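So for the sequence shown, our numbering puts the first residue at 3; every next one is plus one.
Hints listed in this document are in silico derivations from the structure and should not be mistaken for laboratory results.
Since we're looking at a predicted model, the values are computed, not measured.
Careful, some of the hints might be misleading.
The following label-pair restraints were derived from C-beta to C-beta distances [stated by the list, open to error]: (1) Arg-9 to Thr-67: 17 to 27 Å; (2) Val-89 to Val-30: 28 to 38 Å; (3) Asn-37 to Val-85: 19 to 29 Å; (4) Pro-25 to Trp-77: 14 to 24 Å.
The beta-carbon is built from N, C-alpha and C at its ideal position, and this holds for glycine as well.
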Amino acid sequence: MSRSAQRVVGIVVLLVLGVLSLPAAASVLEEGTENWIVPAQLVVMAAVGAAVTVLLPGLAREGATTGRRAMTGAWWGLLAAAVGVVVFWLLISGIGGA
């Protein structure tokens, strides 16, 4: 697979998982642990981003080591998690805000 195809596939996978990770974390962490929903989502998305970027090296710079790819992927995962939070904020509160 070419580098550009790897980037497209990786970004789409991370964005979909970033949007789905917030309700998944909320369903697992119920009453009493609701303060841990966003931190749990961030940790999981950083790990998922690292795994996706190790598997699809097109998301990182060419010639990057495995550790560098994992770190780059963690940042991609955190960015996808932030997009997920913004999407749900807009769905729940609307454009005008809460």
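Just pull the numbers of the violated hints for me, sorted ascending. As far as the earlier hints go, only 2 is violated by this structure.
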